[in-house]
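Residues per chain are reported as follows:
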Amino acid sequence: MDNSVSTQNSLVSVQNLSFSRGNKKIFDDISLEFERGKVTAIMGPSGTGKTTLLKLIGGQLFPEQGTVIVDDNNVHRLRRSELYNLRKRMGMLFQSGALLTDMNVFDNVAFPLREHTHLPESMIRTLVLMKLQAVGLRGARDLMPNELSGGMARRIALARAIALDPMMIMYDEPFTGQDPISKGALVHLIKSLNTILGLTSIIVSHDVQETAAIADYIYVISEGKVVGQGTPKEIEQSESDWVQQFMNGTADGPVHFHYPAKDYVDDLLSTGKRYS
Amino acid sequence: MIELLQNLGKNTRTGFTKLGRGTFFLLQIISGILSVLPRPRLLLNQMYSVGVLSFLIITISGLFVGMVLGLQGYYILSDFGAEETLGVMVAASLVRELGPVVSALLFAGRAGSALTAEIGLMKATEQLSGMEMMAVDPIKRIISPRFLAGLLSMPLLAALFSAVGIIGGQMVGSGLLGVDEGAYWSQMQANIDFQDDIINGVIKSIVFGFVASWIALFEGYDAIPTSEGVSRATTRTVVNSAFSILGLDFILTALMFGDN
Ligand SMILES: Nc1ncnc2c1ncn2[C@@H]1O[C@H](COP(=O)(O)OP(=O)(O)O)[C@@H](O)[C@H]1O
Ligand SMILES: [Mg+2]
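Those protein sequences? They're chains A and B, same order as listed.
Following the working numbering, the numbering of the first sequence begins with 1 at its first residue and continues without gaps.
Following the working numbering, the numbering of the second sequence begins with 277 at its first residue and continues without gaps.
Isolated chain A (complex conformation):
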């Protein structure tokens, strides 16, 4: 892939990024490009730092090294007010939905509008109903977050994320824990929002099929490194054992089923430590 061309087309560009939690290196000199108007997926097993990556892109965490460029802004060099202005144009869908539990669906979707605009209430109502209609939940406007199913909560959160008409949306594991119907609805929704609203989407996920169905480009990461990248087709045909294990979900391979331990027989025969 020609790097210089893709950088020009990139809305988000992660360059030589390193980040640790305590002694654990989560990203080790990682570089990723996210093209405008495309759906780019980041895949990898749980705990590899996918959520962390989104928080780094959103400027909630600071890298030890490297830069994150979003729409020509160096995220970690911005002043606070500039960062907040940039965030108004970056939607993020948290894994849990992160709806505000003390207000109903309507007020949740209206929240960013009320905080950031001085629109009259009648206009806000129109906008909120439009966003809710887009995710198919206009009828749920009076429910409280605790009355929603997981899939509904995520769609409401999506309506809220598009309330300010952002240029991009970051999805944190949108499919995890969803029933097949909700998954299908979300796949359809993410794809159609991307085309209709002209968004740039970043999806973080470990659901291989759903993600491969909508992604234009996929990065597979493991242990702080990119271990594979390409279009879904290229990834499918990847020679890498690691990528094959991940995509096919085999239990043992380059990633071992067992957490590192001493020899099984030795372990069984030894007396072990007693905890009193």
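Treat the hints as calculated values from the structure; they're not laboratory data.
To list a few chain B residues with every Cβ distance to chain A over 10 angstroms, as calculated:
| # | residue |
| --- | --- |
| 1 | Q282 |
| 2 | T290 |
| 3 | I333 |
| 4 | S337 |
| 5 | L428 |
| 6 | I443 |
| 7 | E457 |
| 8 | I500 |
| 9 | S507 |
| 10 | V514 |
| 11 | L522 |
Cβ pair distances, simulated, as ranges:
| # | chain 1 | residue 1 | chain 2 | residue 2 | range |
| --- | --- | --- | --- | --- | --- |
| 12 | B | F331 | A | I196 | 50 to 60 angstroms |
| 13 | B | L522 | A | P180 | 51 to 61 angstroms |
| 14 | A | M123 | B | W461 | 56 to 66 angstroms |
All residues carry an ideal CB built from backbone N, CA and C; glycine is no exception.
Using the hints, position chain B with the ligands against chain A.
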């Protein structure tokens, strides 16, 4: 021994970093207060949940404390034939000490623990993170209004506590034990000083409200975002608030009433 010293050093260090974070947090809260002022609704909502919902516990406790003061005061004062001054004794104890202190302790238990749990759970469920990503500063939107509400509610709750307590003392004193009702009120009026007693009591309750709200909000904001972390933070709020309120009460009392 060395291990003990090491542990002591480590605990001191974490204690200090926490104090540092707490102070920084307080500065953020205070700078966020300006953005609450143009949005009185945010403040009123919080005044309701922090203040109004504490009404019942404050009223009932105030009543009982006042009634006990009436009983105890009567037994002591009647030994000296001074039961006419029961009103002074009840009112002075309440306005100077018990009103601010007990209502602050109740406030920490009722409103403070609820604040910690609320903020901690908002953190654990990524609501605070989510707000930040929507370019809304959670300090300004969530924390500062609650802080201001706590600060303003505390003196009102303390006043309520004292007022109800004085009535409770009167009910027991003149209703049950036969102290002259006129003497109860007139002695009180003549001997309770506005500056020395009432203003100082109000200052105390403002200080306690400040500290209790700060501790409650900080513990929530600083909680480890798991159910266990939130539950421990809630406990710390109640314990730390109680220590701070009682310790500060001693210092403030020494400063205010030291020279008479
Ligand atoms: N607040 C935190 N403090 C310390 N470690 C964390 C924190 N959040 C996440 N981690 C660790 O960072 C690693 C990556 O986490 P995360 O980005 O949530 O992974 P993923 O989203 O890919 O499942 C995990 O090992 C996790 O234990
Ligand atoms: Mg995650």
